[in-house]
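K.L.:
With the hints as a guide, dock the two chains, each given alone in a separate frame, to form the complex.
Chain by chain, the residues:
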Amino acid sequence: DGGITQSPKYLFRKEGQNVTLSCEQNLNHDAMYWYRQDPGQGLRLIYYSQIVNDFQKGDIAEGYSVSREKKESFPLTVTSAQKNPTAFYLCASSIQGRDQPQHFGDGTRLSIL
Amino acid sequence: DQQVKQNSPSLSVQEGRISILNCDYTNSMFDYFLWYKKYPAEGPTFLISISSIKDKNEDGRFTVFLNKSAKHLSLHIVPSQPGDSAVYFCAASANTGGFKTIFGAGTRLFVKA
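Protein chains in written order, with this note's numbering: chain A, 3 to 115; chain B, -14 to 98.
Isolated chain B (complex conformation) (with noise of 0.2 angstroms):
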């Protein structure tokens, strides 16, 4: 069973535009979210956080949202460029999973120029 979804596999966006990208989880001790980026042929990095007692957090042209009552979060990428093209991760931990966290599928961005 997957706790952490995200059922778009790919996503094709125009540079300039909006980019978003969406997760939706099913265990509601997740507190903690965090989103990472994955090139080709390299492993993922990080990208961005929230925890549960915030509903949005921004670092710089990424934003995300976190809709507890829906169990539902998201990454804005504003404005798009080409080189945000790669394959985003959501992740989730919970309090009592210990170290443990459960990443979904991952979503292909393209931006096309």
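So here's chain A without its partners, still in its complex pose (with noise of 0.2 angstroms):
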């Protein structure tokens, strides 16, 4: 059964540290994007990747990092840089082009402790 699949659903953070989000999708898409939300607002792009090795920075990138080595795989690191890291992120994967619609995994919600 086909979807994309983010870990962990809750995760804690202590101020200073960086967390890693894992987001794995099975779907053979070759792109993937991270989103953020917050209360009120809309899905703001982090990052995105249309292929493997290459990855763009969204709207709101700074204090976040990204790999693609996989086409399976595209972790999200939430770095200490990041001020206001409290929100609920979405991964997501497409067939190429922007008219595609884009299949989201369930979401974590990270907490600052």
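Quick caveat, the hints were computed from the structure, so don't treat them as lab data. Any given hint might turn out to be false.
As the list claims (entries may be wrong) - Chain B side only, calculated, beta carbon under 7 angstroms to chain A, not exhaustive:
#1 Tyr17
#2 Glu27
#3 Gly28
#4 Pro29
#5 Phe31
#6 Ser78
#7 Phe88
#8 Gly89
#9 Ala90
Model, not experiment: these values are computed from the prediction. Where is the CB? At the ideal position from N, CA and C, for every residue including glycine.
P.N.:
Written out as structure tokens, the structure reads:
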């Protein structure tokens, strides 16, 4: 059964620590995305990748980093430079093409201790 | 600045009636629009889309209307069912925006039995 998996569902971070959110897909999609959702706001694009070993910054990339070493995986690291990391993070994938609908994981909620 | 606006945070409708969810956009370069539906604790799922060369697209109980001159689109659900209760996100992309899709803040629909 194809899909996109985010783990963990809930994550807690201490001040000054980096934390990595996992995103894996078995849909054979080339494109993958990371979004952040805050209360009362839409999904804001952090990073996206159109193909393995390539990725681009989205609208709010500061304080985040990604890698795309495998087609199936697109992990997001929230670094200590991200001043307000508490949010709901969504990963998505799609066939290449901006008119292709994105398939989303169920998200990871990150909180600062 | 919000390029995609969903001005109604919530909407309540009686079962069997029509639900109309509205979305306004400011970027005249947007030419492809999508609606996503999100249940609690799950990621958004694609619902329906429309290209700017059309003014209407229908899929079962769901119809999206696009008014380019007004930069407005709406999602009609007829008849509404309790299972339609969810958050609905409007999204848009531009031919000049690469793979970026801009999302609205969402409208929470309550369908009362």
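K.L.:
Is the interface hint for Gly28(B) satisfied, with its Cβ closer than 7 angstroms to some Cβ of chain A?
P.N.:
Holds, because the Cβ-Cβ distance from Gly28(B) to chain A comes to roughly 3 angstroms (cut-off 7 angstroms).
K.L.:
Should the interface hint for Pro29(B) be scored as holding, given a Cβ-Cβ cut-off of 7 angstroms against chain A?
P.N.:
Check passed: Cβ of Pro29(B) comes within 5 angstroms of chain A, closer than 7 angstroms.
K.L.:
Should the hint that Glu27(B) touches chain A count as held when the rule is a Cβ pair under 7 angstroms?
P.N.:
holds, 5 angstroms
K.L.:
At a threshold of 7 angstroms, is the proposed contact between Phe31(B) and chain A supported by beta-carbon distances?
P.N.:
holds, 4 angstroms
K.L.:
With a cut-off of 7 angstroms on the beta carbons, see whether Ala90(B) makes it to chain A.
P.N.:
holds, 5 angstroms
K.L.:
Going by Cβ atoms only, is Ser78(B) closer than 7 angstroms to chain A?
P.N.:
holds, 4 angstroms
K.L.:
Once the shortest beta carbon distance from Phe88(B) to chain A is found, is it less than 7 angstroms?
P.N.:
holds, 4 angstroms
K.L.:
A closest beta-carbon separation below 7 angstroms is what the hint needs, so does Gly89(B) meet it against chain A?
P.N.:
With a closest approach of 5 angstroms, the Gly89(B) hint holds.
K.L.:
Do the numbers back the hint for Tyr17(B), that is, is its least Cβ distance to chain A under 7 angstroms?
P.N.:
Result: holds, 5 angstroms to nearest chain A Cβ.
In this structure, every one of the numbered hints holds.
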